[in-house]
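One line per chain: the protein sequences are L and C, in this order.
According to our numbering, the first sequence is numbered sequentially starting from 1.
According to our numbering, the second sequence is numbered sequentially starting from 1001.
Hints listed in this document are in silico derivations from the structure and should not be mistaken for laboratory results.
Don't take every hint at face value.
Per the computed footprint, the stretches of chain L lying under chain C, defined by three or more beta-carbons under 8 Å from a beta-carbon of chain C, are [to be verified]:
no., segment
1, 30-41
2, 44-53
3, 97-103
With a straight-line cut-off of 25 Å between C-alpha atoms, the simulated DSS-like cross-links for lysine-lysine are [claimed, not checked]:
no., chain 1, residue 1, chain 2, residue 2
4, C, Lys1062, C, Lys1044
5, L, Lys42, C, Lys1027
6, C, Lys1044, L, Lys42
7, L, Lys37, L, Lys58
Quick reminder that beta carbons are idealized off the backbone N, C-alpha and C, glycines included.
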Amino acid sequence: GENVEQHPSTLSVQEGDSAVIKCTYSDSASNYFPWYKQELGKGPQLIIDIRSNVGEKKDQRIAVTLNKTAKHFSLHITETQPEDSAVYFCAASGNNDMRFGAGTRLTVKP
Amino acid sequence: NAGVMQNPRHLVRRRGQEARLRCSPMKGHSHVYWYRQLPEEGLKFMVYLQKENIIDESGMPKERFSAEFPKEGPSILRIQQVVRGDSAAYFCASSPSIAKNIQYFGAGTRLSVL
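Here chain C stands alone, though its shape is the one from the complex:
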């Protein structure tokens, strides 16, 4: 029973490029959450999605960031025109419908913007 899978584990981008982070939830989970973590800081909520729906994007920056969770395939967090300040660890979590606030985390994607 695989856990939450995130890839890539490490991603290096130059300023102005696009970053795509993928998250496959645990089997049977239909709720996905994205968090951002800066070094030595806590987890900051970004967005909560169900299949084909964005439920809460109150933590997402208004520009350059977008997220989706299509009917088929992984959830994608997309950052356009990356800047150095986007460098962080991005974590995805998933939960089942019957207990949607019990979240299980992936290992994260560490984004470095040069």
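Chain L on its own, in the form it takes in the complex:
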């Protein structure tokens, strides 16, 4: 089955700096890669996703890149703000299943 590795497990940045979170996956059949943001006491919220036929996608301050050959994808947050502080999860999905990374706790210091 699919195995998703996520790094780093914790990340601390200064407000205004960029943050990058990286994930690798093992199943070459995976074709959909969402990113979720989870704030304390809440459920994961879908923030951006990318499909395997696209190399990069951007939505305001967040962007995701995908390298199918290397089987890795990354989340980039620019101009970070304190409200970006949360746990971020990557995931990889094929037909019926979705497997999540272990999460990255991002702290943005004002």
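Guided by the hints, dock chain C onto chain L, whose structure is given.
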């Protein structure tokens, strides 16, 4: 347009009791997924259901855990004879048939076993 609704938000049970967690998917969604999350850990897949069918239960423990998604009403995750190790947050997600791998999550049920 209500999102995925889970109840209760918090559930306290004593060892040996039964826990029933409910999930109402988003309107128009016919696919439901259950995940378990331990503190400071990621989401572990448990089971994937469509109406009246279990599609994938590869993440479900073999004993004490069961799930259903009846034709009418919410999906239910049932844990019999709970033990302390069952304490966790249980999240439900739903997706539409036309994009079944785009999952939207509920706020979760936090189960505490005393």
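A quick look at each hint next to the structure:
no. : hint                  : in the structure
1   : 30-41                 : holds (count 3)
2   : 44-53                 : holds (count 4)
3   : 97-103                : holds (count 7)
4   : C:Lys1062 - C:Lys1044 : holds, 15 Å
5   : L:Lys42 - C:Lys1027   : holds, 20 Å
6   : C:Lys1044 - L:Lys42   : holds, 16 Å
7   : L:Lys37 - L:Lys58     : holds, 16 Å
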